[in-house]
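Asks: For reference, the chains in residue letters:
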Amino acid sequence: MRRLSSLGSKQLAHRKGRSVLTAGGIILGVAVLFGVLVSNATTQTGVDRLISDFVGDADVLAGPPGAFDATVPESIVPRLAALPGVRVAIGDYRFAGSFKTPAVADPVQVEVIGSDLAAARRLQTFTLARGDFYRDGATEAIVPQRLLDRLGLKAGTMMPLGTPRGIQQVRIAGVLEDTGAGRTNQGDVVFTSLATARALMDAGPVVSGARLALDDGIDVEKWIETNGESAGSEIRFENASTVAQGFRDFLDILGAVFTFFAGIVLFVGAFLIYLTLSMAVIERVRVYGTMRALGATRGQIRRVVIVEALVLGTVSTAGGLVLGLALAKGLVALVSNLFRIDLPGLTVTRSTLVTAVIVGILTTLVSSLVPARRAGHLSPVVAMRGNYAAETHLSRAWIFGLLATAAGVGIGLTGGGAGPAGSPLLLLGAVLLTPLLLRPLARVLGRLTNRIARGVGDVAVLHLVKERSRSAYTLALIMVVMAMIFSIGGLYTTMDRAMQEAIDRQFGADLFLHPTGDRPTGTLAPSFEKDLDGIKGIGDFTPIRFAQVQFVDPDTGKPADGFARILDPRTYFDVAGFSLAEGTERGAREALERGGSILAPSSGVYGVQEGGLHVGSSVHLQTTQGVKEFRVAGTYLTIGGIPAITVGIADGRRYFNAGDPNSYLANLAPEANLEAVRAQIDRTLAARYNVAVDTAAETKQDAKEQFGRFFNIFYAILGVAAIVGLLGLANTLAMSVLQRYREIGVLRAIGATRSQIWRMVLVESATLGLVAFVLSLPLGLVMSLLAVRGVADAFSFDIAYVYPSGWIPVVGVFGVIMAVVAAVAPGRRAARLEVVSALQFE
Amino acid sequence: MRGMPDNDVVLATRDLVKEYVTGRSSVRALDGVTFEVPRGRFVAVMGPSGSGKSTLLHLLGGLDAPTSGQVWLEGQALADLGDRQLTLARRNRIGFVFQFFNLVPVLTIEENIALPLIIGGARPKEYVDRIERILKLVGLTEWRTHLPSEISGGQQQRVAVARALVTEPAVLLADEPTGNLDQKTGNEVLTLLREVQRALGQTVVIVTHDAHAAGFADEVVLLVDGKIKDRLTIDEQTHADGSAVGGERRAQAVLAWLQAAGA
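Taken in order, these protein sequences are the chains called H and V. Per my numbering, the very first residue in the first sequence carries number 1; after that it's consecutive. Per my numbering, the very first residue in the second sequence carries number 1; after that it's consecutive.
Hints in this document: simulated from the structure, not taken from any laboratory. One thing to keep in mind: the hints can contain errors.
Partial list, computed: chain V residues near chain H (C-beta under 8 Å) [said to hold, decoys possible]: (1) 63; (2) 64; (3) 104.
So the derived label-pair ranges between C-beta atoms look like this [claimed, not checked]: (4) V:82 <-> H:13: 48 to 54 Å; (5) V:50 <-> H:810: 56 to 62 Å; (6) V:125 <-> H:314: 24 to 30 Å.
From the three backbone atoms N, C-alpha and C, an ideal C-beta is built for every residue, glycine too.
Excised from the complex, chain H in its bound form:
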C-alpha cells in the first residue's frame, strides 16, 4: 500500500458482500436516473423524427385554421408559391382512412395524402421497393412495406380502404421502402394523386393545405411574421419545426416529472450509502482509533472514508449506466405504447452520460461526508476500546427536521414555480425527525411484534428503543419508500376518480360513434346523421367536432397551439354535459347558441392564462376572420389528455372551418336494448361509413387502461426504490447481527433455540417495518397531496384530492414482505452461529 488513502479500496475489497449491497443503492439510483434521461431523450428524438417525417423538407405548413378536415380552394397554392422567398409550394388533400383486413384484430387508421407526385418528391424522398408510382387520377396508391406486411396485402392487388364515404377499393400500384416518405405518420400512410383523393371524398377543387420550402438562409419565424397576413386570415402559417409544440411541451413536462421521481430514487440510494458507510465507520472504530494513535491526522482518516466512497461510487455508477440502458429500453417501450408512437433505438447523448456519471459520483461523495467527518473525529482512546457505544443521545438534527418539514409542506402547498421544491424538503425533514419518533413508536408497536419471538423478541425491541441513529435512519429509508408508494397511489386514485367523474359527466351518453381507429381526425359523412336517426332504438344524439386552434396573447401577440371541441348546443346538453366548475348548463347552452363565447378548462390552458379561467374571462383566438375575442361563459374540470376549449357550432362554422362531424354521442331510446342497437349499427352503418361504436363503459375502460399504462412508468420507478429500501433494511439487520454476535452466543448458551434467534431478527425487522408504515401514512398523505398539486399545476388539470385509503393495505403488505425478505439472510446467519465462537467474538 503506497498511500494511506488506498486503505479505503482495500477495505471495500475485504468485505465484498457488504460492498455489493451498498453499491446496489447507487447502481439502482443511477440506473433509474440514466434510464429516465435516456428515455426522455429518446422520446424527444422519436417525436422529432415523427414530425420531420411528416413535414419532409418543408419549412412552413400553410392551412386553414380550425377543423382537421377544413379545406381551402386550390387556387391558394400558386398564390403561396408567388410569395417572396418561397422555393417550393405543394398543395395536398388529406383525410383519415382505415383498413380492416383478416390480418389485423383492430382497424388500422391511416393518413391518406393526395398530392402531385412530382411536386411531392421535391420535399420528400419516395423510394419504391417494387411496383410503380400511382398515376394521376387513377384509383391507385402506393403504401409503405411495413403497412403492407401488417395488413397482409400484396402489391398489385386491391385494398379495401375505409373512408368517411364508406369502404372503397383502391389498387396497390407500388410499395414504398420504410424510409423517407414511407415513414410519414409512422408508416401508416397511403399516397395517391390529388385528384384521386378528392374523388374518394367527393371533394371539389380544394386542398387541405400546402407545404412550403423557403430559400436557403431565410429565417422561418421572420418570414412568417412578415408574410403571415399575405394570404388572408383563411390561411395560417406554422413553422414546420415547431409542429406539435404543445405535445412536445407536454412530453417535456412528463419527462421532468419522471426525472423528479428518479431523483427521489437516487436520494434513497444515497441514503443507503450514508447508512452503510456510517455502519462501516462504527465497525472500524478500532482501526481508525489505532491509526489516530499511530499519528494519522483527522484529515487522513476522513480521506480514507471518502476514497472508499469514491471508489464505490465510481464502480457503482458504471454499473448503473449499464443497468440504466436496460431500464431505458423498458421505459421507452412503455412510453411508445402509451402514446402510440414508434420510438427509435436509444438516444444516449454526451450530456446525459456526463450528467449521470457526475450525479452518481457526487451523490456517493456527499453521502460519505458525514461518516467521514465522524471517523475523523473519533477519539483515539474511545475508539481503541473498540466497544463504540451506539449513539443513545438524540442529536439536535430533529429541530432542522421540523423546520424542513414545515417548509416543505408550506412551499409545496403554495404551488407555482417553487412547488416542486416542497417534496424534497419534506422528505429531508421527515428523515431528520425519525430518531425522535423511533423510540416511542418502537416501544408501543414492539408490543405487537415481539410476539413473533416470545421470550427473545423483547431483546430486539429494546435494542431498537435504545439505539438511535442506525435504526432510525434505516427506518427513514423504508418510510420514504413506503411514502412514495402511497403518494403514487394517491396520485393515481385522485386522477382516476376525477377522470371517471369527468367521463361520466362529459361523456354521459350511452354510445360513442366515431370513425374506426383512435385518432380524432377522422370524419363521418353528412348523410350519417340521417341514417343514424333511422336506427331503431336510438334516442337523442349530438355531433362532436374537433379543431386545432391558436390562442393569442392579447398583449404580446404570442400564439400558443391548442384544441377545441365544437358542439351543437341545441342537442348536446340533451345527451351529455360538463362537470362545470363555474357557470350553469343553461347559461352555457345559451351563450354557445348566441356565439362569441366559449367554455374552458377552469385551470386555464398551459401556455395561456396559467392562472386559470373564470366566467367573464377573455380568450383571444386566431380564426378565419383574424384574431377574435371570446368570452368565457363557463368553466369545467379537465383531467387527462390535452385540455381543450369548447365552442358552439355556429362559431365553429363561422370561425373554425367546422365541417363534417368527427363523432357522435347518442343515447338509447327508453326500453331499447344496447346489444340489439349496436348490432343494427354494425349491420347497416359500419361498412358504409367506416364507423365504430363504443359504449360508455367501454370508453371508460379504454381511458382507464390508457391511464393505467401511464402509471406503469411510475410503478417501474417505484419498484426500483423498493429494492433499494430492501437492501438498506437487509444491510442494517446484517450489521445488527454482527454487533450482537456475543449477545446471540449468550442467548443460545442460556437456552434460546435457533428458531427463536431467527425470529428475534424478524422482530427487529418487523418492528422497523411497522414503525415505518405508521410514519409513512401521514408522510405519504402529504406527499400525495403535493404530487397531485404538482401534476395539476404542471398540466393544468383540475382535480380534487381523494385520500388513497385503498392503498393502505397495499403499503402494509409491501412492508410485511419487505420485513420478511430482508430478515431472511441475517436471520439465518444469526441462527447458525456456533455458541462458542459467538461468545469469543471480538
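Please arrange chain V on chain H, whose structure you already have, making use of the hints.
Replies: For chain V alone, kept in the frame of chain H given last:
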C-alpha cells in the same frame, strides 16, 4: 522534581490528575501522579483493576489530555502542543502496543508494520530496508505477505511491537501487551521487548496487572487508586556463571514486593 526534566528523562509527569465526569458523578482516575522514565529504561506500571494504569498510559502517549498537571516528552510539554502537533508526536516519537494487537485486518504484516511510515507519507523505497531489519528483529520475515487473520496471537503482537518500533520512537508504550496471550506466548513477547530495549537502548513503558510481566522490567511503579503507592527497582541479578537470573525469580521478587506494599 521541579520545572522541566533533564535530557536523560524521556517521559515525565508532575501532579497529573485525570477526572471523568459522567452526568452528576465524577471519577478521579489519576490523583496527582508525579514520576519520570529515564532514557533506555524498561518501566512497568502495575496496579489492580481501576487503579488508573491505562489512563496514565493514554496521557503519557498524548492520546488524552489531563484534567490538571503536566506531561513532558523529551522535555516538551504535551499541553503546549495542538492537536496536529500531538498527532505528529505520536507518529514520530511514540510507539504503541495494545492488548488486542489492533492490527488493520485488510493489510499484510509488512503493510501493518509500515503503517506509521505510510501515514507519514514515506515512499516504499525509503523504508524498505528498515522494514526488512524490523521483520528480522521480530522473526516474521517469512510471514510478511500474510494477513493478521492468518497468524497466531503471539505473532500478531510481535507485528504490533514491530510497528511500534518502525519510527524509532523515543518511547514505546504498551498497554497490557500480554493480556490477550497465554503465558508462554506472553513470555516470548516480553522477551522480545527486553531484547529490543537492550539492543537498541529503547525506552519501554508497559502497563500490566501481571507480576510475571512486570518482572521483565527494570523498575516497577505501583499505582493504587490513581496514586503512586510504591516503586521497585529490580537489580539485574546474575548467577555465578554470569547468566541472568530467570524470569520466575524476578516475578517472585515482584510478588513479594506487592505483598509487602499491601496491593
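Asks: With reference to the structure, classify each hint as holding or not holding.
Replies: Against the structure, the hints:
no., hint, in the structure
1, 63, "5 Å, holds"
2, 64, "5 Å, holds"
3, 104, "5 Å, holds"
4, V:82 <-> H:13: 48 to 54 Å, "36 Å, violated"
5, V:50 <-> H:810: 56 to 62 Å, "58 Å, holds"
6, V:125 <-> H:314: 24 to 30 Å, "29 Å, holds"
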